[in-house]
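Enquirer: Next come the chains, spelled out residue by residue.
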Amino acid sequence: MKRQSSLVSESVLIEKLIQRDQQAFQWLYDQYSPALYGVVLRIVRDDEQAADLLQDIFVKIWKNLDGYDSSKGRLFTWMLNVARNSAIDSLRARKTQPSNAIRTDEENVHIVDRQHNTEQPNPEHIGIKDIVDQLRPERKQLIDLVYFGGYTHEEAAEKLNLPLGTVKTRVRAALQELKQLFK
Amino acid sequence: MNVTEYIASGILESYVMGAVSDQERREVECLSSIYPDIKQELDQLSEALENYALLHSVEPPASVKDKLLQQLDFEKPQEKEPIIRPMPVDMTTSDATTGLAFRTTWVVAASMGLLLLLFSFFLLSQLRTNQKTLAATRTTNETLQSEMRQLRDNQSQANQALAMLRQPGLRTIELQGNEKAPQGNMLVFWNTRTHQVAVDVRSLPALPADKQYQLWSMVDGKPVDAGVFEATNGNALVQRLNRSISRADAFAVTIENRGGSPTPTITTLLALATVNA
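Residue numbers (UniProt numbering), protein chains in the order written: chain X, 1 to 183; chain Z, 1 to 277.
Quick caveat, the hints were computed from the structure, so don't treat them as lab data. Warning: the hint list may mix true and false statements.
For each label pair, taking beta carbons as the anchor points, the in silico distance ranges come out as [said to hold, decoys possible]:
| hint | chain 1 | residue 1 | chain 2 | residue 2 | range |
| --- | --- | --- | --- | --- | --- |
| 1 | X | D21 | Z | W106 | 12 to 22 Å |
| 2 | X | D21 | Z | F122 | 45 to 55 Å |
| 3 | Z | A101 | X | D21 | 26 to 36 Å |
| 4 | Z | S9 | X | S71 | 33 to 43 Å |
| 5 | X | W27 | Z | G113 | 47 to 57 Å |
| 6 | X | S9 | Z | E27 | 40 to 50 Å |
| 7 | X | D21 | Z | A62 | 33 to 43 Å |
| 8 | X | S9 | Z | G113 | 47 to 57 Å |
| 9 | X | D21 | Z | L123 | 45 to 55 Å |
| 10 | X | W27 | Z | N2 | 38 to 48 Å |
| 11 | X | Q19 | Z | I34 | 25 to 35 Å |
Computed from a predicted structure; not experimentally measured. Positions of the beta carbon are idealized from the N, C-alpha and C atoms, including for glycine.
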């Protein structure tokens, strides 16, 4: 992958970030902000809110870098989880308001997804995206529901009217397929 | 445990999707640190999700980066504070507390300074007192030492005089001044065995600087030089004369030029006393 070269010097990058190196931060931001913003946008589905969240997320990353443990996972994965959790928390906080944001949105997961993709085409990944479109729709839907919607397996099972076992199997199959696609 | 079975259970997929309980999360993290196969599968799944996330990349508004570069502190070392955004509400309170803190700091600093100054004055006065005491003690000490030295001198002279007086064969002759020195009075100590002579001037007229008294011993009517001496004993108890007198019928005193004269000047004869047999 294209991130291979940067991963080699990931420990150096983290070292520099902990030293509060501004250039290292700019590099980190330029490298990862589109991916994090994309994830956040898919979860909250509001440009302004997503921009605010992205700012908060990078502040969190900046302040908690010394809490990142490279033995437990890759830096990008860790950043994705920070972004995803922040966005889902923000969404849940809003969920207490009368307009049941998640549920109404989730009805249209596919439609909104496609809207975003067509609005912001990312030429670098077009080829891969074609591959992802090969993902079976019911598997893709489940990934989007759990990963971008913050649904638990039980919630997803209830939402999709499926047995819990089927949801679990399908999640595993989806990830395995994803894994094969990117190999 | 059966690693393959664990991998096939689907728990790792749930883990990377963030759909596991805290207990399951700890279990996965623990096992992946033990079994390389689990770790490898976990990394591959994470990477797959990373790539999936990358597919949804959307360029964020440029303003976010500008705000971040302004907001983040690139100078100070790490702060653990999880504050994300400064609250505008805090401004007034923080201003007030800053003002109060500033005033408190100022008051404390001023008090400290004043205390320090007072303490310095106290120390200075203590130092001066000590210096004065030390100087006084030193003077007293010097006085005592010189007095002691004098006492020691006096004692050694007294001892010498006493030793001389104690020696057997000592004769003491008292000489009275004649008409030229009516108040004149002195003693001559003469030891007939050791032939030493000493005088103890009790009272004799003072002399000019170039004159001295001279003692003569009369032997068969002839004067023999018995040494010169001063008008007063000074600090000494007796004045020893550096002449050896083996015989004497009488002792006489004249005034001569300093250093003595081989023959007595009869006109200056002041006193004369015979030695009783």
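Enquirer: Against each hint, give a clear statement of whether it holds in the structure.
Expert: Now the hints, each set against the structure:
no.	hint	in the structure
1	X:D21 - Z:W106: 12 to 22 Å	violated (37 Å)
2	X:D21 - Z:F122: 45 to 55 Å	holds (53 Å)
3	Z:A101 - X:D21: 26 to 36 Å	holds (32 Å)
4	Z:S9 - X:S71: 33 to 43 Å	violated (23 Å)
5	X:W27 - Z:G113: 47 to 57 Å	holds (50 Å)
6	X:S9 - Z:E27: 40 to 50 Å	violated (32 Å)
7	X:D21 - Z:A62: 33 to 43 Å	violated (21 Å)
8	X:S9 - Z:G113: 47 to 57 Å	holds (53 Å)
9	X:D21 - Z:L123: 45 to 55 Å	holds (51 Å)
10	X:W27 - Z:N2: 38 to 48 Å	holds (43 Å)
11	X:Q19 - Z:I34: 25 to 35 Å	holds (32 Å)
Hint compliance for this structure: hints 1, 4, 6 and 7 are broken, all remaining hints hold.
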